[in-house]
Amino acid sequence: GENVEQHPSTLSVQEGDSAVIKCTYSDSASNYFPWYKQELGKRPQLIIDIRSNVGEKKDQRIAVTLNKTAKHFSLHITETQPEDSAVYFCAASKGSNYKLTFGKGTLLTVNP
Amino acid sequence: GAVVSQHPSRVICKSGTSVKIECRSLDFQATTMFWYRQFPKQSLMLMATSNEGSKATYEQGVEKDKFLINHASLTLSTLTVTSAHPEDSSFYICSASLPPGDTQYFGPGTRLTVL
Numbered sequence: 001g002e003n004v005e006q007h008p009s010t011l012s013v014q015e016g017d018s019a020v021i022k023c024t025y026s027d028s029a030s031n032y033f034p035w036y037k038q039e040l041g042k043r044p045q046l047i048i049d050i051r052s053n054v055g056e057k058k059d060q061r062i063a064v065t066l067n068k069t070a071k072h073f074s075l076h077i078t079e080t081q082p083e084d085s086a087v088y089f090c091a092a093s094k095g096s097n098y099k100l101t102f103g104k105g106t107l108l109t110v111n112p
Numbered sequence: 001g002a003v004v005s006q007h008p009s010r011v012i013c014k015s016g017t018s019v020k021i022e023c024r025s026l027d028f029q030a031t032t033m034f035w036y037r038q039f040p041k042q043s044l045m046l047m048a049t050s051n052e053g054s055k056a057t058y059e060q061g062v063e064k065d066k067f068l069i070n071h072a073s074l075t076l077s078t079l080t081v082t083s084a085h086p087e088d089s090s091f092y093i094c095s096a097s098l099p100p101g102d103t104q105y106f107g108p109g110t111r112l113t114v115l
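Those protein sequences? They're chains A and B, same order as listed.
Residue numbers for the first sequence follow the numbering used here, so the first one is 1 and each next one is one higher.
Residue numbers for the second sequence follow the numbering used here, so the first one is 1 and each next one is one higher.
No lab work stands behind these hints, which were simulated from the structure alone.
Here the structure is a predicted model, which means the values were calculated and not measured.
Hints may contain errors.
Claimed, not checked - List of simulated lysine to any residue pairs, SDA-like, C-alpha gap at most 20 Å:
1) K66(B) / A2(B)
2) K42(A) / H85(B)
3) K41(B) / T10(A)
4) K22(A) / N3(A)
5) K66(B) / H85(B)
6) K71(A) / E56(A)
7) K104(A) / P40(B)
8) K41(B) / L11(A)
9) K68(A) / D49(A)
10) K41(B) / T109(A)
11) K94(A) / Q42(B)
12) K42(A) / L46(B)
13) K42(A) / I12(B)
14) K104(A) / P100(B)
15) K104(A) / Q42(B)
Stated by the list, open to error - Pair by pair, the computed Cβ-Cβ distance ranges are:
16) Q14(A) / T57(B): 43 to 53 Å
17) D27(B) / S26(A): 31 to 41 Å
18) G41(A) / L76(B): 19 to 29 Å
19) G1(A) / S83(B): 20 to 30 Å
What the hints assert, rightly or not - Non-contacting residues of chain A with respect to chain B, defined by C-beta distances greater than 12 Å in every case (computed):
20) P8
21) K22
22) S28
23) K42
24) Q45
25) G55
26) D59
27) Q60
28) T69
29) K71
30) E79
31) P82
32) E83
33) D84
Glycine residues also receive a C-beta, built at the ideal position from the N, C-alpha and C atoms.
Throw the hints in and build the complete structure from the sequences for me.
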């Protein structure tokens, strides 16, 4: 089955700096890669996703890149703010109505 | 749009009792819903995939007779934890796929504490 590795497990940055979280996946059939943000005790919230026919996607301060050859995708957050502090999860799926396999998460702390 | 609700948000029960958790898609019909369990400071672990009108598909190591899943309509799936024990205490979260595709939206979760 699919295996998703996520690094780093913790990341601390100063407000205004950029943060990068990286994931790799094992199943070349995976074609959908979402990123979720989860605050303590709350539900995971979808912040951005990318599909395998696209190499990069951007939404304001958040961007995701995908390298299908290397089976690698990354989350980039620019101009970080304290409210960006949370646990971020990457995931991979084979598509419609298919299960998500999650990475182990990255605890991002943005220091004011 | 794409709102998923879950009820109850918290439940405390005695060991040996059964607990039912409901997951509803409020503004869309979901042919597929998913049930996850999350222990403190850990990732989400898929328990089962729930398809409307058919039996759920359970992940390896998840006891189907202990975690009963019913997906009776396109907007409701239920998870029943039978004969709950303290080790079943966890955060249970459902998600639903927004048709026609692959995006999953999560419910707010249910914190189960078994005494």
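* **Check on G55(A) being off the interface with chain B, judged by Cβ distance over 12 Å** => holds (18 Å)
* Would you check the hint for K104(A) and P100(B), treating anything up to 20 Å between C-alpha atoms as holding? => violated (28 Å)
* Non-interface claim for Q60(A): all C-beta distances to chain B beyond 12 Å? -> Since the minimum Cβ distance to chain B is about 19 Å, Q60(A) lies beyond 12 Å and the statement holds.
* Far enough from chain B: is every CB of that chain over 12 Å from the CB of D59(A)? -> holds (14 Å)
* To do: Take a quick look at whether K68(A) and D49(A) sit within 20 Å of each other, Cα to Cα.
  => holds (14 Å)
* **Assertion that Q45(A) lies farther than 12 Å from chain B (Cβ)** => violated (7 Å)
* Is the straight-line distance between the alpha-carbon of K66(B) and that of H85(B) 20 Å or less? -> With Cα atoms ~11 Å apart, K66(B) and H85(B) stay inside 20 Å; holds.
* Asked: Do the beta carbons of Q14(A) and T57(B) sit within 43 to 53 Å of each other?
  -> 45 Å Cβ-Cβ, so the 43 to 53 Å window holds.
* Would you say K71(A) is clear of chain B, with no C-beta pair closer than or equal to 12 Å? -> holds (18 Å)
* Straight-line Cα separation of K42(A) and L46(B) no greater than 20 Å? -> holds (17 Å)
* Holds or violated: K41(B) to L11(A), with C-alpha atoms at most 20 Å apart -> holds (15 Å)
* Asked: Far enough from chain B: is every CB of that chain over 12 Å from the CB of E79(A)?
  -> The assertion about E79(A) holds, with a minimum of 26 Å to chain B.
Hint compliance for this structure: hints 1, 2, 11, 14, 23 and 24 are not met, and every other hint is.
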